[in-house]
Amino acid sequence: DTGVSQDPRHKITKRGQNVTFRCDPISEHNRLYWYRQTLGQGPEFLTYFQNEAQLEKSRLLSDRFSAERPKGSFSTLEIQRTEQGDSAMYLCASSLNDAGNTIYFGEGSWLTVV
Amino acid sequence: DQQVKQNSPSLSVQEGRISILNCDYTNSMFDYFLWYKKYPAEGPTFLISISSIKDKNEDGRFTVFLNKSAKHLSLHIVPSQPGDSAVYFCAGDPINQGGKLIFGQGTELSVKP
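Protein chains in written order, with our numbering: chain A, 233 to 346; chain B, 68 to 180.
The following block holds chain A by itself, in its conformation from the complex (with noise of 0.2 Å):
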């Protein structure tokens, strides 16, 4: 399969404590982007990269958040001292730099916490 890979794809926490998910985009992209997305809403932006630089981050990713995409490939989503609020499905997609290109998204990490 050589679409966009997620993982975990369910994660039960206690509040407090750390999460961390990883995705994989598909492997010509450059851009990878993450998403949030709680129920009866859409997908709501994060962050993203181009290549291994972070160009944007949305007012929703709070100091707790922090993401990586070292060598630009992969990525990791990290969710520090979780809050019940966290719990939604965090949502990685990918896609070419030029405008206009689709952006592929991933099956999605659940996160719950309890």
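If you're looking for bench data, these hints aren't it; they were derived computationally from the structure.
A few of these clues could be false.
[Said to hold, decoys possible] No more than 30 Å apart at the CA atoms, straight line, and that leaves these computed lysine-lysine pairs for BS3-like: (1) Lys104(B) to Lys289(A); (2) Lys104(B) to Lys243(A); (3) Lys167(B) to Lys179(B); (4) Lys303(A) to Lys167(B).
[Unchecked claim] Beyond 12 Å from chain A on every Cβ pair, some chain B residues (computed): (5) Val80; (6) Gly83; (7) Asn89; (8) Asn94; (9) Arg128; (10) Ala137; (11) His139; (12) Lys179.
[Claimed, not checked] Selected chain A positions facing chain B (Cβ under 8 Å, derived; list incomplete): (13) Pro275; (14) Gly338; (15) Gly340.
Yeah, the Cβ is synthetic: ideal placement off N, Cα and C, and Gly gets one too.
With the hints as your guide, set chain B onto chain A.
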């Protein structure tokens, strides 16, 4: 503030008939519009897109129409099939924003046999 809205949370259609999903946006600073289909517990799957300089784009059973004066777009599915039952999201790709999509709230389509 750029917003994309899908005002109908749900739509029910008979198999074989046309499904029309609607989407409105509040300003003109979008480069492209995209439609995604989403099943529960899965990520969005790309369906079809349209450039802001076009009025129509067609791909098989899916056609997207863009009315720039009304700031409105619609996705037509003909004929509708039970496997089309899912949540459909409209998204705008703002100009020079690096592909940072702005999504609507989604419309749940149910196609009944």
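Quick rundown of the hints versus the structure:
Straight-line distance between C-alpha atoms of Lys104(B) and Lys289(A) comes to about 26 Å, which keeps the hinted pair within the 30 Å bound. Our distance criterion of 30 Å between C-alpha atoms is met by Lys104(B) and Lys243(A), whose separation comes to about 24 Å. A hinted pair counts as satisfied when its Cα atoms are at most 30 Å apart, and Lys167(B) with Lys179(B) does not qualify at roughly 35 Å. A C-alpha spacing of about 22 Å is found between Lys303(A) and Lys167(B), which places the hinted pair at or below 30 Å, so the restraint holds.
Distance check on Val80(B): its Cβ is at least 21 Å (rounded) from any Cβ of chain A, clearing the 12 Å threshold; non-interface status holds. No Cβ of chain A approaches the Cβ of Gly83(B) within 12 Å, the least distance being about 29 Å, so the stated non-interface status holds. The claim that Asn89(B) lies off the interface holds: its Cβ sits roughly 14 Å from the closest Cβ of chain A, which is beyond the 12 Å cut-off. Separation of Asn94(B) from chain A is adequate, the least Cβ-Cβ distance of about 17 Å exceeding the 12 Å criterion.
With a minimum CB-CB distance of about 18 Å to chain A, Arg128(B) clears the 12 Å threshold, and the non-interface call stands. Every CB of chain A lies more than 12 Å from the CB of Ala137(B), the least distance being 21 Å, so the non-interface label holds. Residue placement check: His139(B) keeps its beta carbon more than 12 Å from all beta carbons of chain A (closest about 17 Å). The claim that Lys179(B) is not at the interface with chain A holds, since no C-beta of that chain comes within 12 Å of its own (minimum 23 Å).
For Pro275(A), the shortest C-beta to C-beta distance to chain B is roughly 5 Å, which falls under 8 Å, so the interface hint holds. With a least beta-carbon distance of about 5 Å to chain B, the hint placing Gly338(A) at the interface is held under the 8 Å criterion. At its closest, the beta carbon of Gly340(A) sits 5 Å from a beta carbon of chain B; the interface hint therefore holds under the 8 Å criterion.
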